[in-house]
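This is what each chain is made of:
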Amino acid sequence: MLATETGMLGQVLLVSLVLGAGLPVLFGLGLRATAWGAGGDAEEHAAGVAPRPHPLGRVLGILCFALALAGVVLGITVVVASGLGYEVSLGGGPLLVEKS
Amino acid sequence: MPLVRAGEVASTVGAVDAATVILVLVVVVALAFDFTNGFHDTANAMATSIATHALPPKAAVTLSAVLNLVGAFLSVEVALTVTNAVVRIQEPDGAPSPDLVQDGGEGLLLIVLTGLVGAIVWNLLTWLLGLPSSSSHALFGGLVGATVAGLGWGAVHWTGDGGDPDGILGKVVIPAVASPVIAGVVAATGTWFVYRVTVGLATRSTERGFRWGQIGSASLVSLAHGTNDAQKTMGVITLALIASGHWTSTTSIPLWVKVCCALAIALGTYLGGWRIIRTLGKGLIDIAPPQGMAAETASAATILVSSHLGLPLSTTQVTTGSVLGAGIGRPGATVRWRVAGRMGVAWLITMPAAGLVGAATWFLAHVLGGGVLGAAAVVLVLVALSGALYVRSRRDSVHAGNVNDEWQEPARERRPATAGGVR
Numbered sequence: 001m002l003a004t005e006t007g008m009l010g011q012v013l014l015v016s017l018v019l020g021a022g023l024p025v026l027f028g029l030g031l032r033a034t035a036w037g038a039g040g041d042a043e044e045h046a047a048g049v050a051p052r053p054h055p056l057g058r059v060l061g062i063l064c065f066a067l068a069l070a071g072v073v074l075g076i077t078v079v080v081a082s083g084l085g086y087e088v089s090l091g092g093g094p095l096l097v098e099k100s
Numbered sequence: 001m002p003l004v005r006a007g008e009v010a011s012t013v014g015a016v017d018a019a020t021v022i023l024v025l026v027v028v029v030a031l032a033f034d035f036t037n038g039f040h041d042t043a044n045a046m047a048t049s050i051a052t053h054a055l056p057p058k059a060a061v062t063l064s065a066v067l068n069l070v071g072a073f074l075s076v077e078v079a080l081t082v083t084n085a086v087v088r089i090q091e092p093d094g095a096p097s098p099d100l101v102q103d104g105g106e107g108l109l110l111i112v113l114t115g116l117v118g119a120i121v122w123n124l125l126t127w128l129l130g131l132p133s134s135s136s137h138a139l140f141g142g143l144v145g146a147t148v149a150g151l152g153w154g155a156v157h158w159t160g161d162g163g164d165p166d167g168i169l170g171k172v173v174i175p176a177v178a179s180p181v182i183a184g185v186v187a188a189t190g191t192w193f194v195y196r197v198t199v200g201l202a203t204r205s206t207e208r209g210f211r212w213g214q215i216g217s218a219s220l221v222s223l224a225h226g227t228n229d230a231q232k233t234m235g236v237i238t239l240a241l242i243a244s245g246h247w248t249s250t251t252s253i254p255l256w257v258k259v260c261c262a263l264a265i266a267l268g269t270y271l272g273g274w275r276i277i278r279t280l281g282k283g284l285i286d287i288a289p290p291q292g293m294a295a296e297t298a299s300a301a302t303i304l305v306s307s308h309l310g311l312p313l314s315t316t317q318v319t320t321g322s323v324l325g326a327g328i329g330r331p332g333a334t335v336r337w338r339v340a341g342r343m344g345v346a347w348l349i350t351m352p353a354a355g356l357v358g359a360a361t362w363f364l365a366h367v368l369g370g371g372v373l374g375a376a377a378v379v380l381v382l383v384a385l386s387g388a389l390y391v392r393s394r395r396d397s398v399h400a401g402n403v404n405d406e407w408q409e410p411a412r413e414r415r416p417a418t419a420g421g422v423r
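These protein sequence lines map, in sequence, to chains D and S.
Counting from 1, one number per residue, gives the positions in the first sequence under my numbering.
Counting from 1, one number per residue, gives the positions in the second sequence under my numbering.
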């Protein structure tokens with residue numbers, strides 16, 4: 001019986017690690033990319049020469065934020081769907097499945 | 001409709017049966033518990049955002065209250081079997097055990113009532129001490145205490161049967177040990193990486209981003225809290241209604257129960273347990289915006305994932321673990337382990353302490369012959385204790401205005417020497 005629970009806890013740890021640590025990192029990367037994209041004083045740099053703006057940085061930044069936002073939307077979907085008696089399934093097929 | 005009936009009961013006590021009067025008391029006390037649940041747990045979602053000034057204190061508690069309210073309505077899942085986790089007073093389908101309702105439900109109502117009283121008293125005491133502790137564990141503790149007093153040790157549900165995690169071991173002990181560890185690891189990892197990837201960025205280019213990151217993640221925690229916690233009180237009230245014959249369905253909850261519970265938890269959240277917010281936001285670590293964001297995201301992820309996978313972890317213990325993890329994950333940050341230790345002790349004694357109060361009040365009611373007299377006496381004890389704890393809290397009031405003051409350790413030295421009595 002303890003084995004079941006240890007297994008479940010391991011699963012919880014793994015998935016939480018991917019989402020719970022992954023999203024903030026993604027968000028941080030978004031900030032990094034945006035700062036690189038903005039150039040100037042957004043990042044620390046050697047005195048005198050302010051880095052040029054990089055349009056690519058802006059695109060990457062927006063991409064990161066969009067992915068992080070998608071993670072949050074997924075979270076809200078899980079909460080709302082399970083409240084309404086549905087399960088979110090990510091294994092292909094329909095996204096929302098009625099709970100058995 | 002039942003609300004109207006409740007009003008009539010008050011004026012015509014003599015004319016209605018005892019079980020109905022006790023039922024009204026159970027409903028009122030259950031809503032009071034729901035209120036302390038919200039009140040106690042505001043900190044889980046909002047302490048970090050308040051401490052880092054991502055949100056002004058009042059705005060933070062308002063946002064959290066609204067999301068709790070929304071969350072409570074979103075949970076249509078019937079949590080009628082909530083007591084089954086730790087005691088045997090219900091059938092597997094949620095109906096009360098038949099042998100407990102032969103007396104019109106009085107026996108079962110008394111157990112539920114005194115269990116709730118134990119949970120509320122423990123919630124208020126830990127609030128006074130500024131310690132976050134799990135409201136669910138307090139509820140379970142109170143119910144176990146009252147059940148042991150009323151039905152003996154045999155009615156306690158210690159372990160599951162090998163399937164899903166269940167019983168005190170599966171629903172309380174294992175989650176309590178695992179929650180802070182899992183959340184701590186997740187938050188520490190997140191924090192460490194966030195600092196790595198944002199090193200060398202000017203503060204002004206990260207400030208706004210981290211602010212929104214914190215608000216978003218904290219909102220998610222609030223929403224999840226509303227869906228999880230309000231359900232428990234709804235389940236308890238519905239159980240009481242079934243036991244006393246005022247409701248028959250085990251697959252739905254009366255609308256007024258849902259509305260009242262949602263409002264109670266939201267109101268509690270809005271009033272905000274400032275003492276706990278202060279401990280969690282300022283006491284454990286000196287929290288910076290990236291840490292706040294990493295901690296709340298770790299909390300939200302752990303809470304949602306664990307309840308999704310069928311092993312719900314306590315919101316309070318997850319959040320505390322996350323905040324600690326955010327302190328560990330930031331190179332050079334200090335963690336006040338003494339504060340963390342006090343919380344750990346509070347967690348260890350939550351169940352037994354709430355259980356003792358539950359058992360003691362059950363015996364009090366029993367000595368008075370149970371029935372209306374016993375139930376009324378228990379409620380009076382609750383009111384007196386709550387009043388005393390509230391009055392004590394006024395001596396060093398923590399509110400929206402001073403919640404972010406510099407943390408002084410040990411805080412108790414600022415208080416007059418006579419203040420030791422409560423602790």
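Treat each hint with caution, since some may be false.
Said to hold, decoys possible - Examples of chain S residues lying across from chain D (beta carbon under 8 Å, computed):
id, residue
1, Val194
2, Thr203
3, His308
4, Leu356
Derived from the structure by calculation, the hints contain no laboratory data.
Here the structure is a predicted model, which means the values were calculated and not measured.
Think of the CB as a built atom: it goes at the ideal place given N, C-alpha and C, for glycine as much as any other residue.
Practice task
Give me the numbers of the hints this structure contradicts, sorted from smallest to largest.
Solution key: 2 and 4
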